[in-house]
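Number 217 in the UniProt record's numbering belongs to position 217 of the sequence shown; there are no gaps in the numbering.
Capping the alpha-carbon separation at 20 Å, the derived lysine to aspartate or glutamate pairs in EDC-like fashion look like this: (1) 9 - 32; (2) 9 - 194; (3) 9 - 30.
Here are the simulated distance ranges between beta carbons: (4) 104 - 173: 40 to 48 Å; (5) 9 - 169: 36 to 44 Å; (6) 85 - 243: 30 to 38 Å; (7) 177 - 131: 12 to 20 Å; (8) 33 - 104: 19 to 27 Å; (9) 59 - 123: 22 to 30 Å; (10) 192 - 59: 15 to 23 Å; (11) 178 - 126: 18 to 26 Å.
Think of the hints as simulated: they come from the structure by calculation, not from any bench.
Quantities reported herein were computed from a predicted structural model and do not represent experimental measurements.
Don't be surprised by glycine CBs; every beta carbon is placed ideally from N, CA and C.
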Amino acid sequence: MASERSSEKVSEWDAHTAIDEIGDGLFGAELDPGWVVGGGVNGGYVLGVAGRAIAAAVPTKPHPLAVSAHYLSASRPGPARVATRVLREGGTVATVAADVSQEGTTRISVLATYGDLAAMPSDVETTAVEPTLPPLSECVAGSLAPEDFRRIAPVMERFDMRFDPACIGWATGEPSGNGHIQAWMRMADGHELDPVGLLMACDALPPVTFDLGRPGWAPTLELTVHVRAVPAPGWLRLSHRTRNVAGGMFEEDCEVWDSAGRLVAQSRQLAMQPRA
Numbered sequence: 001m002a003s004e005r006s007s008e009k010v011s012e013w014d015a016h017t018a019i020d021e022i023g024d025g026l027f028g029a030e031l032d033p034g035w036v037v038g039g040g041v042n043g044g045y046v047l048g049v050a051g052r053a054i055a056a057a058v059p060t061k062p063h064p065l066a067v068s069a070h071y072l073s074a075s076r077p078g079p080a081r082v083a084t085r086v087l088r089e090g091g092t093v094a095t096v097a098a099d100v101s102q103e104g105t106t107r108i109s110v111l112a113t114y115g116d117l118a119a120m121p122s123d124v125e126t127t128a129v130e131p132t133l134p135p136l137s138e139c140v141a142g143s144l145a146p147e148d149f150r151r152i153a154p155v156m157e158r159f160d161m162r163f164d165p166a167c168i169g170w171a172t173g174e175p176s177g178n179g180h181i182q183a184w185m186r187m188a189d190g191h192e193l194d195p196v197g198l199l200m201a202c203d204a205l206p207p208v209t210f211d212l213g214r215p216g217w218a219p220t221l222e223l224t225v226h227v228r229a230v231p232a233p234g235w236l237r238l239s240h241r242t243r244n245v246a247g248g249m250f251e252e253d254c255e256v257w258d259s260a261g262r263l264v265a266q267s268r269q270l271a272m273q274p275r276a
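Turn these sequences into a full structure, and let the hints steer you where they fit.
This is how it looks when you write it as structure tokens:
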């Protein structure tokens with residue numbers, strides 16, 4: 001297979017998650033410094049890189065359905081390798097294991113079920129309550145974040161984020177204490193996300209502990225994502241909540257809704273309490 005880097009015109013997301021097939025289920029990648037946040041590279045982005053390699057390993061089943069990743073060490077910008085192993089491939093779904101490593105150190109270990117969402121019913125039935133956000137013009141742009149914050153979190157430059165004003169008090173030292181952050185989101189270059197991109201979207205917002213008055217980098221321990229459908233073009237709505245902070249850890253539940261009002265992805269993440 002030819003290198004994905006050979007494309008003449010690609011989106012920023014496609015360029016930053018590009019992979020080269022080495023052989024025997026092994027792929028090369030380059031983790032871009034633009035995805036750094038706090039003490040490492042954003043975990044959702046690294047999962048997206050792994051997700052792209054998994055899709056290449058089972059090309060007739062290109063979409064993640066259920067993905068669980070354990071984060072063993074912080075990823076750094078630079079070369080990486082993704083080793084994939086197809087555990088089982090049936091007519092509808094495939095189960096694949098993958099490890100992302102750098103310099104011989106495993107960064108994340110992934111177990112995933114993949115299929116073809118385009119061949120499945122596109123309707124999404126749910127009892128979940130669709131998030132209500134003010135119009136884009138009334139929301140707070142992520143580009144207005146203080147310069148020192150954007151300097152330690154260049155990942156924010158990858159998105160066009162519009163935060164619900166009711167959930168942005170933490171930015172002015174007045175967190176609500178509800179453990180809830182929600183926002184409109186799209187890629188900064190206007191690129192539409194595919195199902196692999198939803199793996200990243202589930203980790204795109206600042207840690208929900210910001211709304212509890214606990215800012216700082218929150219290293220991910222484990223992230224599970226369920227993808228329900230191919231997202232419709234347009235803005236996504238992201239909603240993050242937490243209900244428990246205990247034992248030096250917290251859980252973060254995410255919902256991703258597309259422009260058609262469908263719940264296209266949901267996730268649960270276990271992370272360490274923020275580090276300053």
